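**Q** Work out the full structure: start from the sequences and follow the hints.
Chains as they are written, first to last, in our numbering: chain A, 1 to 331; chain B, 1001 to 1614.
Hints in this document: simulated from the structure, not taken from any laboratory. Remember, predicted model here, so these are calculated numbers, not experimental data. Check before you lean on any hint, since a few could be wrong.
Incomplete in silico selection of chain A near chain B, CB under 10 Å [claimed, not checked]:
1. V94
2. Y113
3. V140
4. K188
5. Y241
6. V301
7. T304
Each residue gets a CB set at the ideal place from its N, CA and C atoms; glycine is no exception.
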Amino acid sequence: MHYLIYFLLILAAAAIWQLVRVVELSSKLKGIDPNKVTESDNRLQGRIMLVFYFALMAFFVWQIMEYKDRLLPVSGSVHGAKIDWLMDINLIIVSIVFVVTNFLLFYMGFKYYGRDGQRATFVAHNNKLEMIWTGVPAVVLFVIIFLGIRLWNDTMSLPPKGTRMIEIYAQQFNFKARYSGKDNVLGKSNYLLINDNNELGLDSTDATGYDDFISPDTIFLPVDEEVDFEMRSRDVIHSAYFPHFRAQMNVVPGMQTYFHFNPRYTTEKMRELTGNKDFDYILLCNKICGVSHFNMQLKIVVGTRAEFDVWTKRHVPFYSGKTPPSATAQN
Amino acid sequence: MTTDMHAHSELHAQSLEHDAHVHHGHDDHDHHQSFVAKYVFSMDHKTISRQFLITAVIMACVAMLMSIVFRLQLAWPGEKFAFINAIMGDKWGKDGILDPNAYMSLVTIHGTIMVFMVLTGGLSGTFANLLIPYQIGARDMASGFLNMLSYWFFFLSSVTIIISLFVTDGAASGGWTVYPPLSALPQAMPGSGTGMTLWLIAMSFFIISSLLGGLNYIITIINMRTKGMKMTRMPLTIWAIFVTAILGVLSFPVLFSCALLLIFDRSFGTSFYLSDIFIGGHPLDQTGGSPILFEHLFWFLGHPEVYIIILPALGLTSEIISVNSRKPIFGYRAMITSILAIGFLSFIVWGHHMFLTGMNPFLGSVFVFTTLLIAIPSAVKAFNYITTLWKGNIQFTPQMLFACGLVSTFISGGVTGIILADSALDINIHDTYFVVAHFHIVMGVSAILGMLAGVYHWFPKLFLRHMNKTMGYLHFWITFICAYGVFFPMHFLGLAGVPRRYYQNTAFPMFDNLQDINVLITIFAIIAACGQLIFLFNFFYSIFRGPKSVQNPYNSNTLEWTTPMANTHGNWPGELPEVHRWPYDYSRPGEEADFIPQTVPLREGEEDGGGHHA
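**A** Listed below in C-alpha cells is the structure:
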C-alpha cells in the first residue's frame, strides 16, 4: 500500500517534469524565452487569482457550515456568555476585514494584469487615502480595546468576599481538587511535607486545614454560586483550562494563581442544551507539561445546592479523626 | 577619486582599500583565492548569502519532514506507518507508531528550526547579506570577517540542533519556548536532559551569529551608503532589514541572559526559575525562583522575534510588488514610518503571551492596549501594498505571486491576532489551535512566501541564472492553496477548545467529532510537502543548468542590477555608482522607459521621491 503511494508520487513528479519540459521546448522552438513572463501568463495568473479568491471564500463558508455545530457549546458560566458575545463581535469584524481586503488584493491582480503596450499609472501616495486607512482601523481598534479591557477587568477582578475557595492541585499528569470545608479557608501546605500519605503536602500545624477534603476524581460545583479556584503546582507549569466555562489560568510551581467564575447550568441542563446525553464538563491541561500532557484531565460536575451538600458529606476531611492544634492556631 | 563617494566613517580606510583592490586587479582577483577561501571561509557577502540560503533550505526540509511525521500522528493516531518507522527508526517509531516523547521533540525542534534557523538566520542572513551591499552601493559588508563568523556560528548552531536529534534521550521536547521547570529538569521529561543542553548550546551559537550579523548590517547601512544614497532613498528592503537588525541587537542579548540563567539552574544548582518543586519522588533544594521571570525574559526577545521574521519578508515584498506592478510603492514614507512604528511597538507588547501566567491582570490590560496598536501600522502596510497593485501593469512572475500571497496571508493571519491580543478573549483560546493557526499564517506562511519570493526574484543575483517559470507557478499555487488548507481549519479546532501540543486528542470524547478536520489538515500538509519537491528540483537544477540571466532582467531601478552578471569581488568593476533619486520611479509620466534607475540624474526641475517632500 505504502509502496504504491511512493510509486504514485514519483510518477506524478515525473509527469510534472515532463510537462514542464514540453512547455519549455515548445517555446524554444517558437523562439521565445521560456522564462519571460508574457501577457497571456499575466492574464492567466490574474484570472487564477480571482478564482482562488472565490474558492477561498467558498472554503471559508463551507467550514463555517460544516464545523459550527462542533465548536464549544454555549458557555456554562456567567462571564463566559459575555466572552462569547465579545468573541462573536470580534469574529464578525475580522471576518469582514478578511473578506473585503482579500477581495481587493485578488481583484487588483485580476483587473490590472500586465498587458503589452500598457503603462501603469504613476501614483506615489495619497495623504487623504492614507489618513482613511490609518484612521478607520484606529477607531475600530479603540472600540475593540475598550470592550476587551472592560470585560477583562470584570472577569479578573477579585471575587466577592465569602466566595467558596477550591484548590486545584496539578502535578504530572493529573489534577486534584481540595475543598476548603466549612471555614472556607484552605489550610497551609508546604512542598517539603509531600510524601505518599500526604500527596498535597498539607501542613498539620495549621488548624484551618482540618476541615479540608480532597477530591481526586471530580470537581463538584453548586450551580449559580461563584467559586474561586486557587491553583498550585507540584512540579512544572500546567494550565487549568475549563473550555466549557471559558476559564483558564496557568498553574505555576512556587506560587498561587487564581480564577473565579459562576457556573450557570448544571451538568443535567447542559446535556439538555447540547442534546448530548454523555456531556460532561471537563478540566484539562493546556500547557505542555511532559509526555502525558495529552491526557491530563479532571471531570467537573455542576449540580444543585442539595446535590452538592450530599456529595460533600460523602467526603471525609484529610485530617479526619485528628484533633486540630487549636491552641497554637489561635495564639 | 573615490574619497567623496563614501560616507564619513572610520570604515573609510577599509573601503578605500577595497576600491584599490578592484581598480588594480579585479580581473584576476578571484583566481588567487584558494577553494577554501572562496567557497568555505569566504568573506564575500554574496558567497555568505548563498551559504545562508542553502543551509536554510536544508534545515527547512528537515523541519518540514518533521511536521509531516507529527501530522500523520495527529490525523491517524495509533495507525501504523512504514514511513514513520523509516524516518524515526525502531526506537522512536516502533511498528510505525510515533513515540509520544518523540512527538514532543518533533514539535519542539520543528518550531526551533523554523523560527530561528530558517526564518531568522536563513531569511535575514540570505537577503541582508546579499542586498545590503548591493542596494546601498557598497563593495561589501563593513566587516567581512565578522560576517564570515556570523555564518559559521549559524552553521554550528544548525549542526548542533541536528546532532541533538540523535542523543539517547531524544532532543529537547518542552516546546520551542522551553519554559522551565519542564525544560530545566530531566526528571520532568527525557528530552530535558542532554537534548536540552544541546538546544541551549545551539541557541547560544545562534545568538552569537545573529549579533555578529546584526551589528554588521547596521554599521554597513549607516556608514557605507554610496554617494547620494540618503536614508530616504533607500529601498524599503533595506529599511526593513535595518530595523530588523536593530530589533535583533536589542533583543537577542536578553534571550542570551534568559538561556544563561537556565543553564545555571540546570547545571549549577541556582534557582532563578525554580521554586518549591517536588519531582521524581524528591523535593528540590531550589526555592525562591520564578518561572514567570523566564517567560518575561523569553518573550522580551520572543515578541520582537516575530517581527524580526516578518519585517524582512515584508521588505522583500515591497520591492517585488513595486517592480512587478511597474509602479512606485504606494506611500513610501508611510511604509518607512510603519516599519519604525512596528519596530518600536514590538518591544512593548511581549506580555500578550502571558495574560494567563498569573501575571497581574492590570499589566494584561496595558499589553492589550499596546498590542492592538500594532494593528494600525500593519493595516497601513497591507493597504499600501494593495494600492500599489491598483492601476498597475502587473507582471505575474512567480515572485510576484509569492509576494501577493504574502499580502493575503499577512492580512488573514493578522486579523486573528486582534482576537488573541484581546486578553478577555484569549482566556478561552490561549494555547489552543487558534493560536497555532494564527501564528503559522501571519508569521510562518507569510515569511516563507516572502522568502521564496526573494529567492525567485534575486536568483539571478545569487546564481546568475533564472529559475524555471512554469515550475515556479506550480510551486506557488500548490504551496499557497495548501497553506490555507492546512492552517485555516485549525481556527475551528481552536474554537472547539483543542489544546496545542497534544500527542493525540483521543483522551477526550469531546474532541472525537473533530478527527476529520485533522485528517483534512494532514492531507493538505502532505500535498504541500510534495509541492516543495518541485521547488527543490527547480532550485538545484537552475543553479547549474538554468538559463543565464541578463544584467537587469526585470527592468528594476535599484543598484544591484547595475552590477554585471558575474561574481565580481567588490561588486562594481569600476567606480561605485552615484545615486540621484529614490528607487521607485516606475512608469513616470513623460518618460519613454517605464523605469528610471537610481543612478540616472534628476531632470531639470524634477522632484525626487514621487512628490514626497523631504
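**Q** Now, for every hint given, state plainly whether the structure supports it.
**A** Hint by hint, here is what the structure shows:
{"no.": "1", "hint": "V94", "in the structure": "holds, 4 Å"}
{"no.": "2", "hint": "Y113", "in the structure": "holds, 5 Å"}
{"no.": "3", "hint": "V140", "in the structure": "holds, 9 Å"}
{"no.": "4", "hint": "K188", "in the structure": "violated, 13 Å"}
{"no.": "5", "hint": "Y241", "in the structure": "holds, 7 Å"}
{"no.": "6", "hint": "V301", "in the structure": "violated, 15 Å"}
{"no.": "7", "hint": "T304", "in the structure": "violated, 24 Å"}
Hints 4, 6 and 7 from the list above are not met by this structure, while the remaining hints are.
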